[in-house]
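**Q** Fit chain B to the known structure of chain A by using the hints.
The listed protein sequences correspond, in order, to chains A and B.
Residue 208 in my numbering sits at position 208 of the first sequence, with consecutive numbering throughout.
With positions in the second sequence counted from 1, the corresponding number in my numbering is that position plus 888.
None of these hints come from the bench; they were simulated from the model.
Incorrect hints may appear among the rest.
With a Cα cut of at most 30 angstroms, we get these calculated DSS-like pairs of lysine-lysine [unchecked claim]: (1) LYS563/A / LYS953/B; (2) LYS423/A / LYS409/A; (3) LYS455/A / LYS936/B; (4) LYS936/B / LYS563/A; (5) LYS953/B / LYS455/A; (6) LYS293/A / LYS307/A; (7) LYS1030/B / LYS476/A; (8) LYS423/A / LYS701/A; (9) LYS953/B / LYS936/B; (10) LYS936/B / LYS561/A; (11) LYS293/A / LYS1030/B; (12) LYS525/A / LYS537/A; (13) LYS561/A / LYS953/B; (14) LYS409/A / LYS701/A; (15) LYS933/B / LYS455/A.
In silico contact screen, one side only, chain A against chain B (beta carbon under 8 angstroms); selected entries [what the hints assert, rightly or not]: (16) CYS17; (17) LEU278; (18) ALA361; (19) PRO432; (20) HIS436.
Bear in mind that the values here come from a model prediction, so they are computed numbers and not experimental data.
Ideal Cβ placement from N, Cα and C applies to all residues, glycine included.
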Amino acid sequence: MANSDCIVIQGSNMAECHPVAYQWVTEAKLRGARVIHVDPRFTRTSAVADRHIPIRAGSDVILLGALINHVLTTETYFRDYVQAYTNATMLVSDDFQDTEDLGGVFSGYDPETGQYDLTSWAYKSRAAGEEKVGEPGPEEHGAEQAAVAEGQAYGSGGPPLDHALIERDPTMTDPRCVLQVLRRHYARYTPALVTEVCGIGREDFDYLARSIVENSGRERTTMFAYAVGWTQHSLGAQFIRTSAILQLLMGNVGRPGGGIMALRGHASIQGASDIPTLFNLLPGYLPMPVAGKHESLGQYLEAVSSKRQKGFWTKADTYMVSLLKAWWGDAAQPDNDFCYDYLPRLNGNHNTYQSVMDMIAGTVKGYFLLGQNPAVGSAHGRMQRFGMANLDWLVVRDINLIESATWWKDGPEIASGEMETDKIATEVFFLPAANHAEKDGTFTQTQRMLQWHFKAVEPPGDARSDLWFYYVLGQKIRERLAGSTDPVDRPLLDLTWDYPQDEHGEPDADAILREVNGTYLTGEKAGQALPGFVELKADGSTASGCWIYSGVYAGEVNRSKNKVPDAEQSWVAPDWGWAWPMNRRILYNRASADPQGRPWSERKAYVWWDEEQGTWVGHDVPDFPVTTDPAYRPADTATGPDALAGDDPFIMQADGKGWLFAPKGMIDGPMPTHYEPQESPVDNALYPQQRNPSRLVYPRKDNLTAPSAGDPGVDVYPYVATTYRLTEHHTAGAMSRWLPYLSELQPEFFCEVSPELAAERGLENGGWATLISPRSAIEARVLVTERMTPLVVGGRTVHQIGMPYHWGVGGTGAVVQGDSANDLLGVTLDPNVSIQESKVSSVDIQPGRRPHGADLLRLVQDYQSRSGITVMTGNDRLEDAEERGEAR
Amino acid sequence: MADRGTFLGWPVLRQLASGDFLGRGPAVTTRHTRERTARTATADKVVKSVCPYCAVGCGQNIFVKDGRVVQIEGDPDSPVSRGRLCPKGSASEQLVNNPRRQTTVLYRAPYATDWTHLGLDEATDMIADRVVETRRRTWQDKDEHGQFLRRTMGIASLGGAALDNEENYLMKKLYTAMGAIQVENQARI
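For reference, chain A alone in the conformation it holds in the complex (with noise of 0.2 angstroms):
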């Protein structure tokens, strides 16, 4: 970020929830660069940037389009990088109509199922006898996508092509060409409707364009910087990807000060996705199995990746062959798909909050815990304790005692009245867990780099790993299964599951790390260690538990343990940790060198082509075959990355460009497009059609949503509401509120409020404030602030109500406690990766404290009852649009 001329950062407040992190953007400021920060709040990083931009949550595309729509319209896009290595010049299929072209929906709306047929979204294909490049097999029906999240699985690479033979217009003036599809398509977002929607004014609108145009090209780059308030959204991925094409336009993408920083707000977040514990994936964004679709490992091969492709997706089977070794061991072999039937399928979205609703159906049994807070931390906190209270078991392992551990006793439904505790039957199971000073392991921080820590003592008491725990469990059970004949019991007896312990009988995280990156099992280096990714065969000659991180061991040296001293390295420092793939920092670096592999400019070169050397050279790893010329040009026959040109730095993408236009891989749009979210006050100025078409929806009594703008009874829940974090606080507390400092820094909940809003419903700084929504109330200090604005949006006065979300009800030994934002929040999720909209809701504020018991209830049925809300309020998927014309 140092190196940066222009930093945008909008959907985080990094200077507060990363503020170690902003040091380098203070680093490029003095540098000289400008700094924008767009936020619904004025925050502390408002107060360090050049401008601050308010704008009302949510309504992000419009504000990022318009912008996409300035570049194309004064022809100010970085046009050598765009034609080069974008797709701007491929030629997308006649079928495709656009939302501007249908009222709100792109070609292939399936209102049955809610979803997209992608059909319509292909490229022109220019391989005989054939009219589509990019057309989903049977199988992939948006339907099927959302239900897996399988946007998910895009995580290190884009989404599978028959083949890269694309018919393409170099001059980029064919009309259906992509950067003409993207010109017609964001044609409406104008500065007038920023103002419009967004409520932003044209002077901000005109600076933050300005800046990005004047700091981008050959000699200059800007970055966008994210948290989550760009993911937590019905159609958060989108508001990344508008972005993305915003970067990619200007050239901003695999450069050094590009790009487009994830800004993860805990330890190892990116790891869990690498090597994940999520539903869909499998360690390295592999995708899980689905029944009916994967049933044999050729089928699910050929569902990854096309062998006809370019890139190295091509390589899946070599991957997944080696994690498929690296977990059953002798027992995978060849005639038996190397144990792939061992695999459970999926067949249905099985994410954790449908986990929940089951929990309350009563399908599922057994829960574990794992240093996460869901009574607190997760959307909907009354839905998440219902469920557990109908568990049979429930295993929590944290360092404290927290609200989901303890909520039989003392949640807020035992003080509603709602839950008695000799009434509930699940049996809860405490384990103290190790903290991070306590043992040894790998954390995958936001820019991909894992980092060792190493133990410094023993965990007290009972306090374990949860390495150690699952070591064990695996153990006691496979103790109890021994001798079975099920083949039921296969998996875990044939399972791999022997690491060397300690005296304490902790197993050795380097073991197991090395595992992960993976071994030679037949000839002379048989048991050594490989060297990275590209080693990995699909004969069961190696094994590799998660092949982006193949090389993190490679020589037998845990990388991930190097700590070369800042001062005695480059300022890339390479020797610091160890990043995926293969140590490179920037991803797609290639970019930043141009076609002919001269650096754009010497201000900004990065990695460049060598002709006498005949490879590429440079600052950082170069991500990009070493030999490959910029000149090669591939023969039509050529796949896998031997298909790759000189001048296609998307190495991961089955046609090695950026993609402006995604034929596939984005199931609710090729291009975003603005909805409203589920509940907005506003209408959606741009069509018929208000929210996301194709985001998932749960219609439940214990999960109504508050009526928009045209439905009766808007005025009931008039606020907007946004969730955030403090500096003093972590997630839902557990590391936080257990901490005399930081609880002394930050003793109580609360919610901020603009002075203008305060005076409309009488409330207090410093005095109480209950907050009203269909799903709960909950009560807060009320902070009253300039830092909120009231915008005008489509002619009306919209007001924004801040609240951290880092206090919970019950516990034991927690030093402060209030009630939970989470509580207000409703189930809505984006379809792409199954994420809840918990940036925006709507909401009622009155003074003063909020009832008890019964009295509560009943305030909530009041309101729900006065708003006329039902079970379908805002979850018809599709709108009829006359009806809503009408209701205009």
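**A** Relative to chain A, chain B alone:
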């Protein structure tokens, strides 16, 4: 240090004599301060670690004395953080040495109104029994079309993102082998 009983002890002279011209260092320390020793100076060892809060990955130096963490500070060697820590990272010594921390196993039987104690071995035995029994009871071998499912929908898991990669790896490996698919993480949220 000059004798403070004479004019040589005047602050301005002390500042000049010690080179602490702004009077923010040794020239203005009290005897009490001078006689104190930082816990970091007397530690037996310094262990390199990584902050467990957000994903920036700031380097931490953990100072250990007599088998106990006595202080946690920013690691100046780290190219990520250059020695800095935020309020949470700076408070992480309290995360380790917290008297409010629960360090023994607790068990709440069905319908019970309070916790009872269990041994660690007994608790893990009971949990293993429940996994085996629940898995057996809720096993789904095939769907209505005869397609393989080979799973249990009776067991779910939700992990935080302070889990190490190695921990996630063993979790995913074991859950997948037992056929549990409802395995989720804060990364979804």
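**Q** Taking only the CA atoms, is the gap from LYS561/A to LYS953/B under or equal to 30 angstroms?
**A** Judged against 30 angstroms, a Cα distance of about 23 angstroms means the pair holds.
**Q** For a C-alpha distance cap of 30 angstroms, please report whether LYS423/A and LYS701/A respect it.
**A** With Cα atoms ~23 angstroms apart, LYS423/A and LYS701/A stay inside 30 angstroms; holds.
**Q** For the pair supplied as a hint, LYS563/A and LYS953/B, is the alpha-carbon distance within the 30 angstroms limit?
**A** 23 angstroms, holds
**Q** Does the alpha-carbon distance linking LYS409/A and LYS701/A stay inside the 30 angstroms limit?
**A** With a Cα-Cα distance of about 25 angstroms, the restraint between LYS409/A and LYS701/A holds, given a limit of 30 angstroms.
**Q** Have a go at the HIS436/A hint: is there a Cβ in chain B nearer than 8 angstroms to its own Cβ?
**A** Status holds, d = 4 angstroms.
**Q** Is it true that the CA of LYS936/B sits at most 30 angstroms from the CA of LYS563/A?
**A** Satisfied, since the Cα-Cα distance of roughly 9 angstroms is no more than 30 angstroms.
**Q** Given the proposed pairing of LYS423/A with LYS409/A, does the C-alpha separation stay at or below 30 angstroms?
**A** With a Cα-Cα distance of about 11 angstroms, the restraint between LYS423/A and LYS409/A holds, given a limit of 30 angstroms.
**Q** For the pair we were handed, LYS293/A and LYS1030/B, check the Cα-Cα distance against 30 angstroms.
**A** 14 angstroms, holds
**Q** Next pair to validate is LYS933/B with LYS455/A; report whether the Cα-Cα distance is within 30 angstroms.
**A** Holds, at about 12 angstroms.
**Q** Should the interface hint for CYS17/A be scored as holding, given a Cβ-Cβ cut-off of 8 angstroms against chain B?
**A** 7 angstroms, holds
**Q** Hinted pair, alpha-carbon criterion (30 angstroms max): LYS525/A, LYS537/A. Please report holds or violated.
**A** 14 angstroms, holds
**Q** Check whether the Cα positions of LYS1030/B and LYS476/A lie no farther apart than 30 angstroms.
**A** 27 angstroms, holds
Hint 18 alone, counting from the list given before, is not met by this structure.
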